[in-house]
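Engineer: Here are the chains, one letter per residue:
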Amino acid sequence: GDSVTQMEGPVTLSEEAFLTINCTYTATGYPSLFWYVQYPGEGLQLLLKATKADDKGSNKGFEATYRKETTSFHLEKGSVQVSDSAVYFCALSHPQGGSEKLVFGKGTKLTVNP
Amino acid sequence: GAVVSQHPSWVICKSGTSVKIECRSLDFQATTMFWYRQFPKQSLMLMATSNEGSKATYEQGVEKDKFLINHASLTLSTLTVTSAHPEDSSFYICSARRGLGWETQYFGPGTRLLVL
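Top line first, the protein sequences correspond to chains A and B. Counting in our numbering, the first sequence runs from 1 upward without gaps. Counting in our numbering, the second sequence runs from 1001 upward without gaps.
Among the hints, erroneous ones may be present.
Unchecked claim - Okay, derived cross-link-like pairs now, DSSO-like style, lysine-lysine, Cα gap no bigger than 30 Å in a straight line:
no.	chain 1	residue 1	chain 2	residue 2
1	A	Lys56	A	Lys68
2	B	Lys1014	A	Lys106
3	B	Lys1041	A	Lys68
4	A	Lys109	B	Lys1055
5	A	Lys56	A	Lys101
Said to hold, decoys possible - Interface residues of chain A toward chain B, partial, derived using beta-carbon atoms under 10 Å:
no.	residue
6	Phe18
7	Leu44
8	Leu46
What the hints assert, rightly or not - A short list of chain B residues far from chain A (calculated; beta carbon distances all over 10 Å):
no.	residue
9	Lys1014
10	Glu1052
11	Gln1105
12	Phe1107
FYI, nobody ran anything at the bench for these hints, they're computed from the structure. For every residue, glycine included, the Cβ atom is placed at its ideal position computed from N, Cα and C.
In isolation and in its complexed conformation, chain A is listed as follows (with noise of 0.2 Å):
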């Protein structure tokens, strides 16, 4: 079946860092590609999206591209900040049987230090 596979955390680092989450995944067919986030107390939220090969989703200065041939899509932000603290989740939708599901991966926390 389909599954996502993303680095252990937790993940520490100062400020204005450079980040990098790696997110591999397995699935048949062409799934559409997701990262989202959670903040401390709030429920997940998408970050950002790709839905087909060579895809860049972006947001709030994260970028991930779609890449079918080593089935990753790793998610980096040039600069952290404090604020971007959080639980980063990789997730890929499949459709089957006529409905999609969301499958996840682990999970990864990030601490920015000020």
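For this one, chain A is given, so just place chain B on it according to the hints.
Structural biologist: Below, chain B alone, put in the same frame as chain A:
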């Protein structure tokens, strides 16, 4: 933005009792709501999908008699963990979809259940 709330945010109960968790869409009507559970250091796992006014669709391996889901209105879905046991201790998350596509799905903050 769209807001989804869950109540309670955490609950401790004795083994054998039942616990009800509410999920509400506060500022929109949700035709579809989803229930997930998350074990420590594990992925969110979809438990069931519920549509207002109809029976929930449970994922394979989820006991529907154990996890009762009621979606009585367009703004409220409830998950009842019946005869809870310590292995049911987990983080339960609901989400509500306002329209079509994952961009219209909004998540609640989750409910942590501890069964003693």
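Engineer: Are the hints correct? Go through all of them and say.
Structural biologist: Structure-based check of all given hints:
Note on Lys56/A and Lys68/A: the hinted pairing holds, with a Cα-Cα distance of about 12 Å set against a maximum of 30 Å. Between Lys1014/B and Lys106/A, the direct Cα distance comes to roughly 28 Å. Compliance with the 30 Å bound is thereby established for this hinted pair. Straight-line distance between C-alpha atoms of Lys1041/B and Lys68/A comes to about 27 Å, which keeps the hinted pair within the 30 Å bound. Note on Lys109/A and Lys1055/B: the hinted pairing is violated, with a Cα-Cα distance of about 36 Å set against a maximum of 30 Å.
With a CA separation close to 22 Å, the supplied pair Lys56/A and Lys101/A stays within the 30 Å bound. Here the hint on Phe18/A is broken, as its CB sits about 25 Å from the closest CB of chain B, past 10 Å. Look at Leu44/A: its Cβ gets to within about 4 Å of chain B, closer than 10 Å, so that hint holds up. Proximity of Leu46/A to chain B holds as hinted, the smallest CB-CB distance being about 6 Å (cut-off 10 Å).
Here Lys1014/B stays apart from chain A, with its beta-carbon at least about 27 Å from theirs, past the 10 Å limit. With 10 Å as the threshold on Cβ separation, the claim that Glu1052/B sits away from chain A holds: the shortest Cβ distance comes to roughly 16 Å. With a minimum CB-CB distance of about 8 Å to chain A, Gln1105/B fails to clear the 10 Å threshold, and the non-interface call is violated. At roughly 3 Å from the closest C-beta of chain A, the C-beta of Phe1107/B falls inside 10 Å, breaking its exclusion from the interface.
Against the hints set out earlier in the document, violations occur for numbers 4, 6, 11, 12.
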